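As you go down the protein sequences, you meet chains C and E in turn. The first sequence lines up with residues 1 to 262 when you count with my numbering. The second sequence lines up with residues 263 to 644 when you count with my numbering.
No lab work stands behind these hints, which were simulated from the structure alone. None of the values given here were measured: they were computed from a predicted structure. Hints should not be assumed to be uniformly reliable.
What the hints assert, rightly or not - Looking from chain C toward chain E, a few residues come up when the C-beta cut is under 10 angstroms (computed):
{"#": "1", "residue": "SER12"}
{"#": "2", "residue": "GLY69"}
{"#": "3", "residue": "ARG106"}
{"#": "4", "residue": "PRO107"}
{"#": "5", "residue": "ASP110"}
{"#": "6", "residue": "ASN116"}
{"#": "7", "residue": "LEU119"}
{"#": "8", "residue": "LEU129"}
{"#": "9", "residue": "ALA130"}
{"#": "10", "residue": "ALA175"}
{"#": "11", "residue": "LYS254"}
Heads up, the beta-carbon is just placed ideally off N, CA and C, and yes, glycines get one too.
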Amino acid sequence: MSADQDAPPEWSDELGPNDGILVMSELTKQFGGITAVDELSFAVQEEEILGFIGPNGAGKSTTFNCISGIYPPTDGNIWYKGENVTDLPPYKMVKRGMARTFQSFRPLEDRTVLQNIALPLVPDKLFSLAGLRGETIKKAEGVCELVGLDDRMDMTPDELPHAGMLRLELGRALATNPDLLLLDEPFAGLSDPEVESISDLLKQLRSEAGVTLVVVDHNMRGLFPLIDRAVVIRFGELLAEGTPEEIRSDPMVKEAYLGGGN
Amino acid sequence: MSNSDLSERLDVEGGTFRQWLNPLNKPLRHKIGLLVLLLLAVLPVALTSSEALIFASAFFFAMFAMSWDLVSGYTGQISFGHTVFFTVGGYSAALLNMEMGLSPLMTIPAGVLVAALAGLVIGVPTLRLRGPYLSLVTLIAPLILFGVFRYFPIFGGESGLSGEIDNLFGLGFNDVIPVYYLAFGLFVVVLTVLLAVTRSDAGRIFTAIRESEDAVNSAGLNPAKFKIFAFVLSAAIGGLAGAAFVHTPSASPTPNTLLALAINIEIIIAVFIGGAGTIVGAAAGGLFFGLTRSFLEGSELVIPVANVAIAEVYLILLSVIALVIIYALPGGLLRGSIVGGRRVLNRNSDEDVATDGGEMVNPVAQILNNYRDFLGGDDDER
Ligand SMILES: Nc1ncnc2c1ncn2[C@@H]1O[C@H](COP(=O)(O)OP(=O)(O)OP(=O)(O)O)[C@@H](O)[C@H]1O
Ligand SMILES: [Mg+2]
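Here chain C stands alone, though its shape is the one from the complex (with noise of 0.2 angstroms):
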């Protein structure tokens, strides 16, 4: 893609292509009569670390299921390492490199914790026999022991405590290879030293594997020391950004919480 007629001019101090690994602008999703997404924008820079935050129904969902394809935005840009993807489905999103976790899981019962983290390295072809190959089998497993699964890749998803259905949806993103992961809610309804394994996996992703995370999570005590910065909407629409101590300080913020969402 190269000239990008929905690209704001040089001169605009609007958000464009090149401002961040993942950038977008304007972005607007309505259902129906409500508007979920309001003219948001907002850029990710590579390698970071990007807190999501925002009251129950904010919109952060709504966000992360147009930036990931599975709603088409009603309105505005997405651009995703200068290339516009406004209109992409998932799985082609996936395919350049951007995966993410959903909020409520989507495990494949009828298969064990292997087999769904495995799904993502079969080859998206008709005729394939990849996914019977040791090699396949072998890089689920890693994957499998880099989120902590490991002793339970033979359960099936149902077997699983809560905090085993976050590590599978995790590893499930993982198997993609991804180069920026949008994760919905990864500490829900986990323990604190829980947390704080998540968050050591989640540093040693961006450290050693140059990953890009965007978090969204209810949870600031254990959000706010993994993140370098944090974008907050409210009803949509952008409330704040900025690093963890400008928006811990932030009155408006303060009073998004406190006042409640919707």
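Following the hints, complete the assembly by docking chain E with the ligands onto the known chain C.
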């Protein structure tokens, strides 16, 4: 940014080699399956000629059932109008033979092609989207075809195509044994092709779509491509069965034989009895249903108090059987008997189980869930 694998980038060691499907772990099931096929291969020596024809029809019905299972049992996209493909295949073959004098060896492939085309026409627009659009369209498709048959005289309306139609290899009513083997041979071919497809990666992706289309999409796999592939292959196989069927003495190209709405229901019931999402289950359920139907239809028995002939209410009887099975063994008879057999043999049941395996997966519940999610509107985070 590096393109190498994350596990390499992170220097993670994979564990030991493990098998993905480990089919060799389940030799007993496979042995039983082969034994049954062998029995079917020698069975004609013990059959009267009318019984042999009943078996031939049952083999064709089982092919219909397997073709339906590939798309509906595996991907969870329920087709309510699969008879359209049997009909399109059967009528194309019959017309080409009767009107143009083409040999069955030409008309059958042509029937397959036309059915596959019909599969594309119905599948591409409906399966590109997420949701039960295929179900809605396939509910209507047989009705449209009925309408076409009624208004275009070439199709012979309600009574179907009449006239001389060549039988494959010139087999007639007296050649019951060759007809049996023709049907059995096709049945084995279809079974083998479908087993191969469903055991390849595509089969794993089909069932993954049934479990969660979002998960498949988020794994970098295009669900529409796999759904359409399953559907078109299914249509082609349905067309093959339909086209070959009309070239045997067991069937003629009429709406009652190929298109009737009851056949759609019968197929679904047969697959649920055997086990949706398992090709072997569909084959077994199809054979069981086809044979039982013929047996009941030929039965002189009368249900005592109600005073109705069993022959008239066979569908109700078989539906009741199916309902009992859906409640008692939601995975179908095949999975149920594998699990039961394992228990009897006291074998370890925590082994890695393939799609056709003995785990109590419940495709029926999963499919209902998907439909409920869709009709309920919100399927996302809540
Ligand atoms: N598929 C949908 N159809 C209709 N409305 C939706 C849909 N998805 C989300 N919404 C609405 O959009 C708004 C934003 O929802 P969203 O799930 O994005 O919030 P969130 O920030 O992720 O909240 P939470 O922290 O509770 O997960 C809500 O009002 C929600 O009801
Ligand atoms: Mg959410």
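Against the structure, the hints:
1. SER12: At 28 angstroms from the nearest chain E Cβ, C:SER12 fails the 10 angstroms test, so the hint is violated.
2. GLY69: holds (8 angstroms)
3. ARG106: Cβ of C:ARG106 sits 4 angstroms from chain E, so the hint holds.
4. PRO107: holds (7 angstroms)
5. ASP110: holds (4 angstroms)
6. ASN116: Since chain E brings a Cβ to about 8 angstroms from C:ASN116, closer than 10 angstroms, the hint holds.
7. LEU119: holds (5 angstroms)
8. LEU129: This hint holds: C:LEU129 lies near chain E, its Cβ roughly 6 angstroms from the closest one there, short of 10 angstroms.
9. ALA130: Where the cut-off is 10 angstroms and the nearest Cβ of chain E is about 6 angstroms from C:ALA130, the hint holds.
10. ALA175: Given a least distance of 8 angstroms, the restraint on C:ALA175 holds.
11. LYS254: Violated, about 25 angstroms.
In this structure, the hints that do not hold are numbers 1 and 11, in rising order.
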